[in-house]
Amino acid sequence: MADSDTLTQTRTDTSLDVPWNVVVRDDPVNLMGYVTWVFMKIFGYDEKKAAILMLQVHQLGRSIVWTGQREKAEFYVQQLQAHQLKSTLEKAA
Amino acid sequence: MRIIPTLEGGLMIDADDPGDWQLLKGITTDAVSCDEKLARRLGKLIADEELARDWKEYVIPDLEAEFSADVLHVATSIAAARVECGGGPGPLWITSGDAFQWYSALNQARLALEEQFHFGPSQVIDPGELPPLRRAAFLRSQFYCAIQSLLLEHVLR
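Residue numbers (my numbering), protein chains in the order written: chain P, 1 to 93; chain G, 1 to 157.
Hints are computed from structural coordinates only; laboratory data are not their basis. It is possible that some hints are incorrect.
[What the hints assert, rightly or not] As a list, the in silico DSS-like pairs of lysine-lysine whose alpha-carbon atoms are at most 30 Å apart:
1) Lys-56/G / Lys-41/P
2) Lys-41/P / Lys-37/G
3) Lys-72/P / Lys-44/G
4) Lys-56/G / Lys-91/P
5) Lys-91/P / Lys-48/P
6) Lys-44/G / Lys-49/P
7) Lys-37/G / Lys-25/G
8) Lys-91/P / Lys-72/P
9) Lys-86/P / Lys-48/P
10) Lys-49/P / Lys-91/P
11) Lys-44/G / Lys-41/P
12) Lys-86/P / Lys-44/G
13) Lys-72/P / Lys-86/P
14) Lys-72/P / Lys-41/P
15) Lys-91/P / Lys-37/G
16) Lys-56/G / Lys-86/P
17) Lys-41/P / Lys-91/P
The model shown is predicted, which means the values in this text are computed figures rather than measured ones.
Construct the entire structure; sequences and hints are all you get.
Encoded structure:
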């Protein structure tokens with residue numbers, strides 16, 4: 001055995017990513033049909049699901065329209081804002 | 001002024017007189033009438049501090065450029081059509097290819113008016129009870145909304 005040895009220790013930490021919510025808020029300008037169309041276009045939702053989410057936005061003031069990885073949530077919020085919808089992302093509770 | 005869906009899947013705005021062209025030009029004037037640009041107003045919705053800094057640096061400039069390009073496109077289209085007919089009766093065409101840019105410019109105009117005048121839901125407003133400046137802004141917003149509805153019904157969807 002040599003005078004000095006190098007010991008290498010590998011430790012693996014695994015933690016679950018905290019999911020992020022994409023949130024759309026109501027506003028008095030964007031038309032209901034437009035909001036539905038944007039949800040279909042950006043998320044690929046069918047018209048029924050998109051309309052339900054749109055009604056949540058309209059009636060409750062906000063809706064969580066998607067939940068998942070942060071990077072993808074950022075991308076979706078950017079897309080929603082490019083379509084001029086009041087949108088943000090927040091850590092899922 | 002009449003607005004008619006075309007067989008090619010777009011819209012034709014048939015202007016009657018200089019007043020109609022002035023009204024159409026108002027879309028682009030109103031779209032940039034707010035002191036704080038739309039992209040920055042939307043950026044303020046990002047609550048997370050670190051993310052808000054990134055948003056300001058990377059996303060807002062892109063959104064500003066997109067929104068400005070849409071307004072510029074509409075301004076150019078209106079100016080060209082107006083020149084074509086000498087400011088009198090004549091058509092202005094919206095094709096399926098530029099319908100979203102039109103929708104965007106109209107939306108920017110309505111969002112800017114809402115930001116300044118805080119109309120809220122339009123169905124509860126009686127324009128007859130509004131002071132002149134506010135009434136004019138409200139009626140412009142309603143006019144832009146009518147074009148948006150036609151775009152949504154006949155072109156975008």
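Against the earlier hints, flag every one the structure doesn't satisfy and list their numbers going up.
Per hint list: zero violations.
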